[in-house]
Amino acid sequence: MSTESEHEATPTSSDPDPVDIEPQPEPEPEETEDPPPPPDSTLGTVVTVDPGTWYEVTSVCTTATCPNLNTSTTEPMVYSNAGSIRMVCGRCGFNRPILTVTKLDPQPEMS
1 MSTESEHEAT PTSSDPDPVD IEPQPEPEPE ETEDPPPPPD STLGTVVTVD PGTWYEVTSV
61 CTTATCPNLN TSTTEPMVYS NAGSIRMVCG RCGFNRPILT VTKLDPQPEM S
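No gaps in the numbering here: position 61 of the sequence shown is 61 in full-length UniProt numbering, and each next residue is one more.
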């Protein structure tokens with residue numbers, strides 16, 4: 001016959017001492033730089049111009065999730081077939097506000 005005391009676990013000298021784990025300090029939030037604000041002098045997303053005329057157009061992407069955010073580009077030759085110009089970002093597909101429109105002088109010849 002066995003007694004309950006035989007089945008109880010008894011500490012032995014080979015049991016390791018309990019280890020006190022100190023809580024890790026919370027990491028400080030990383031400071032992120034805000035993207036520069038978009039230029040204020042935009043003409044709009046669609047500009048009315050003379051039809052059948054060549055222009056140089058500078059536009060900027062203002063889509064917050066686009067890799068081209070606040071990146072301006074200049075297209076040296078944009079043709080206004082119907083009298084309006086609209087620029088679209090090639091990365092995100094949204095309209096790019098137009099900053100400047102300059103009529104080319106002399107106008108390129110079409111063949």
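Derived from the structure by calculation, the hints contain no laboratory data.
Misleading hints may appear alongside valid ones.
[What the hints assert, rightly or not] Restricting the straight-line Cα-Cα distance to at most 16 Å, the calculated cross-link-like pairs of lysine to aspartate or glutamate (EDC-like) are: (1) K103 with E75; (2) K103 with E26; (3) K103 with D50.
Do the hints match the structure? See the list:
no., hint, in the structure
1, K103 with E75, "holds, 12 Å"
2, K103 with E26, "violated, 58 Å"
3, K103 with D50, "holds, 9 Å"
Checked against the numbered hints above, the structure breaks only hint 2 and satisfies the rest.
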